[in-house]
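Please take these sequences and the hints and turn them into a complete structure.
Below are the chains, spelled out letter by letter.
Protein chains: 2
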Amino acid sequence: MKWSKYFIPTLKEVPVGTEAVSHQLLLRAGLVQMLTSGVYSYLPLGLKVLNRVENIIREEMNNAGAHELLMPCLHPIELWKKTGRDQVLDGIMIKFKNNRGHDMCLGPTHEEIITDLVRQFVQSYRQLPVTLYQIQTKFRDELRTRFGIVRASEFIMKDAYSFDRDVDGLRKSYQIMFDAYKRIFSRMELDVAVIAADSGAMGGDVSHEFMIGAPIGEDAVVSCPSCKAQSGVTENQDQGKTCPQCGKGILTKQSALELGHIFQLGTKYSSALAAEYIDEDGKRNPMIMGCYGIGVSRVVAAIIEKYNDDKGIKWPASVAPFDVEILPIAKSADDEIMKLSEKFYSELRAKGCDVLMDDRSESAGRKFNDADLIGIPLRITIGQRNLVEGKVEIKLRQTGEVMLVEVNDVLMKIMELKK
Amino acid sequence: MKWSKYFIPTLKEVPVGTEAVSHQLLLRAGLVQMLTSGVYSYLPLGLKVLNRVENIIREEMNNAGAHELLMPCLHPIELWKKTGRDQVLDGIMIKFKNNRGHDMCLGPTHEEIITDLVRQFVQSYRQLPVTLYQIQTKFRDELRTRFGIVRASEFIMKDAYSFDRDVDGLRKSYQIMFDAYKRIFSRMELDVAVIAADSGAMGGDVSHEFMIGAPIGEDAVVSCPSCKAQSGVTENQDQGKTCPQCGKGILTKQSALELGHIFQLGTKYSSALAAEYIDEDGKRNPMIMGCYGIGVSRVVAAIIEKYNDDKGIKWPASVAPFDVEILPIAKSADDEIMKLSEKFYSELRAKGCDVLMDDRSESAGRKFNDADLIGIPLRITIGQRNLVEGKVEIKLRQTGEVMLVEVNDVLMKIMELKK
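Protein chains in written order, with the numbering used here: chain A, 1 to 419; chain B, 1001 to 1419.
It is worth saying that the hints were derived from the structure and are not from the lab. Some hints here could point you the wrong way.
[To be verified] What follows is a set of in silico ranges between Cβ atoms, one per label pair, in the way DEER data are often shown:
1) Ala364/A x Glu1189/B: 30 to 36 Å
2) Gly17/A x Lys1081/B: 33 to 39 Å
3) Phe121/A x Gln1175/B: 42 to 48 Å
4) Gly1352/B x Glu401/A: 35 to 41 Å
All residues carry an ideal CB built from backbone N, CA and C; glycine is no exception.
This is how it looks when you write it as structure tokens:
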């Protein structure tokens, strides 16, 4: 992609009214734009990151044997009444009456909808287990939207739901998702703490939260530096106390952001919505359910919270909007530097690299600032001073490491670094 | 994908209350499920088709130089008041007051939102032209939802918007989209009629509709069999009259379904929302806009309307949910037929084929019926009778053509047919 033809509206100034670093950088790097409080557009660069995050999640869900579907945003309120959650979630649920006079709401989550769907299609034990998921837009009418896309009224979630015959089956399905979650966050280079958690409004017995330490976190995690035990903060495990697991370390407390939450739901929804299967003996039983969420758009913010410096974002390679940025410092459009840039551009693309070339007629300073801001992992800088010696500069955004490379070795070097 | 592990809830019976063939087949082939009137879930097989349709559109939009972004569903009503369309679209717009007391609506389209977005980022003539698009969920509170996903309250659209300095620029941007639309529909094997049309609620001067002949169409197209001239039905060009273009043919009328609509909007939205750029002389001018829609979910229905027979769907290869279905007629799970099926399954997948294998312990009859119903383009049937002669059957769903192929030639033959 040539920058001059693309749409990356970077901002020099920190936007007013923003607290979180991720919120500031999402706006400054031209990744998102606020339409109204808690409601954001993903600009082209931001959408590319979002898609890369989604695709990591999708691959791991598919590898775990879950099947993707897509449920609607518009829900009839009747289904929510059957579980009583029209009341439990009343404060955040967006409701309206449609033109036919039916009471509708916008889905804040989809337990009721998927349970009703599976009820209609699954009758026999032979059809179980099954895990279904979607990557879809959710709505919560937050009074206190905060930190940009971290706590928004409209946001993207991956929500998966497992259906089993018995609790043993649920435990297996749950473990498969648990393991998939570990791989997902590891691929995004997010070092999450996994905390046994409270099930809250979801119901059920067992639940785990996947948390990332971040200054904007609204929850907290205490960790033991000695035995690495971690847990959510409770009254008995506050910071400064000795770790109960090993008795040695002194617990330290860090604010943390919830990125994923998985639940063993049991029969709460299947009983209320009559999602039953017939077992070998011809007996009807409610299906045993689990549910598994990841805040997809929130993950994008968390990655930026984790990977940034005072100049901008430092994307991990797995989610970066481009693999490589080419930055020519050229005086005119037709000189040797531009020709070499074009050559690298086509050759790298032919090798499957996703390349951004900053072909704008901006000052070198502006280009360097923007490159640091949008944070593409590898940068090739082509300037006169190095080129007279037959060399160009490759810079790694994450480490700051700089290397001078012979023009003929650039492709090989980039492909090696990209791995 | 193994059918036994997948989620394809096919129905034997035609669901009650359905008129359109596409609606019946979408339900029967396990592609969609109705949550409530005009609101559908896409089941795994349906989502795969939807994604393939989206990706054709995405590729052609990107090749045409448009950039993808993602705008929100939740809109503040203020922006709609500025163009007066809160009134024009009042009957179909879903409105509500949020927790902070702000009047909001769900986007039925995005002209107001994109114009306000571009206004904030584009100031200079140097930043023009630019065309942005999204593939996103829209909401229209239809009183008369019809024909399943054809006229739904929640549906998926591709909407693109071009911004130019002048009318010449708009004409160029419009032509680029016009050409991209022709390629999009051609790749989906939809032989669309392109009709100069009325701009309706959008405003602007020039507009074209992309229509497909279909019994469920709510519009109509008249065609001349002699000179191939086509147009929307007006009072002067009704069926049975002589074609005005060539004077020879007798016009025939066919009901048709609108799949795409493109508009030269001019300055209607940019003037109302003050989306201006500064030209070379330092003068402010409203940007000149175009907008370009495709009903993505409706396209899926249109393809089924066009490609079906009394047994089911006959997907064109470009949008089929799988490339190949393997259908073993085996007596037990470990016999020679299953082993050969597994071998074809892995080898074809290794070659990049998307393969569905019907490994269920269902009767051959049930498997054949389901295969015809879901309509995968190529089917490999492995049965005892042919296998004793070292052969398997390959059947083309679209033409019904059947060929007996030596076991060793199957891979080569499939790869040849798949092209």
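Against the structure, the hints come out as follows:
1. Distance hint check for Ala364/A and Glu1189/B: the Cβ-Cβ separation is about 50 Å, which falls outside the suggested range of 30 to 36 Å.
2. Taken as a hint, the range 33 to 39 Å is violated for the pair Gly17/A and Lys1081/B, whose Cβ atoms sit roughly 24 Å apart.
3. The supplied range of 42 to 48 Å is met by Phe121/A and Gln1175/B, whose beta-carbon atoms lie about 47 Å from each other.
4. Roughly 37 Å separates the CB atoms of Gly1352/B and Glu401/A, a value that falls within the hinted 35 to 41 Å.
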